[in-house]
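In the numbering used here, the protein residues as written are 304 to 424.
If you're looking for bench data, these hints aren't it; they were derived computationally from the structure.
Even for Gly, the Cβ is constructed at its ideal location relative to N, Cα and C.
Treat the hints with care, since some could be wrong.
[To be verified] For each label pair, taking beta carbons as the anchor points, the in silico distance ranges come out as:
1) Leu407 / Ala334: 11 to 21 Å
2) Arg405 / Glu382: 34 to 44 Å
3) Ala410 / Asp350: 44 to 54 Å
4) Asp344 / Asp389: 36 to 46 Å
5) Met340 / Asp402: 19 to 29 Å
6) Ala338 / Ser383: 33 to 43 Å
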Amino acid sequence: MTAKKYLDALADENGPAPSNPPIAAFSGKEAADFAAMLMDDSVPAADMFAAMKTAGRRGRPAAQEKREKSVQERFRLPESWSSYIDHAAKRDGFANKSDYLRSLVMADAEAHHEERRLQLA
304 MTAKKYLDAL ADENGPAPSN PPIAAFSGKE AADFAAMLMD DSVPAADMFA
354 AMKTAGRRGR PAAQEKREKS VQERFRLPES WSSYIDHAAK RDGFANKSDY
404 LRSLVMADAE AHHEERRLQL A
């Protein structure tokens, strides 16, 4: 089996990706806030659905948000990796490869931060 076929098989093992990230993908304060909203009888259903659509997304900021300036990174990788990243992004419900790669870097940074925090404790 070629590397490309192997990676394609890995990417497709979970079937098609949902159009929105699953609730299980939320974490931390965002997940706690959403769970509290679900338990509160006074919160209108429309507000819950709006929160579900926007939760877990770190995409482009709104015009009034102040965020650090972004830069474009360019690097080369094997063609089979590109195919895998494309499949994985779709599988995990990301809009594109950039969002998927950004989430991997963010998860790594958060894991490193937590590891460092535990070492210092």
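Hints, verified against the model:
{"no.": "1", "hint": "Leu407 / Ala334: 11 to 21 Å", "result": "19 Å, holds"}
{"no.": "2", "hint": "Arg405 / Glu382: 34 to 44 Å", "result": "22 Å, violated"}
{"no.": "3", "hint": "Ala410 / Asp350: 44 to 54 Å", "result": "28 Å, violated"}
{"no.": "4", "hint": "Asp344 / Asp389: 36 to 46 Å", "result": "43 Å, holds"}
{"no.": "5", "hint": "Met340 / Asp402: 19 to 29 Å", "result": "24 Å, holds"}
{"no.": "6", "hint": "Ala338 / Ser383: 33 to 43 Å", "result": "40 Å, holds"}
The structure is inconsistent with the numbered hints 2, 3, although it conforms to all the rest.
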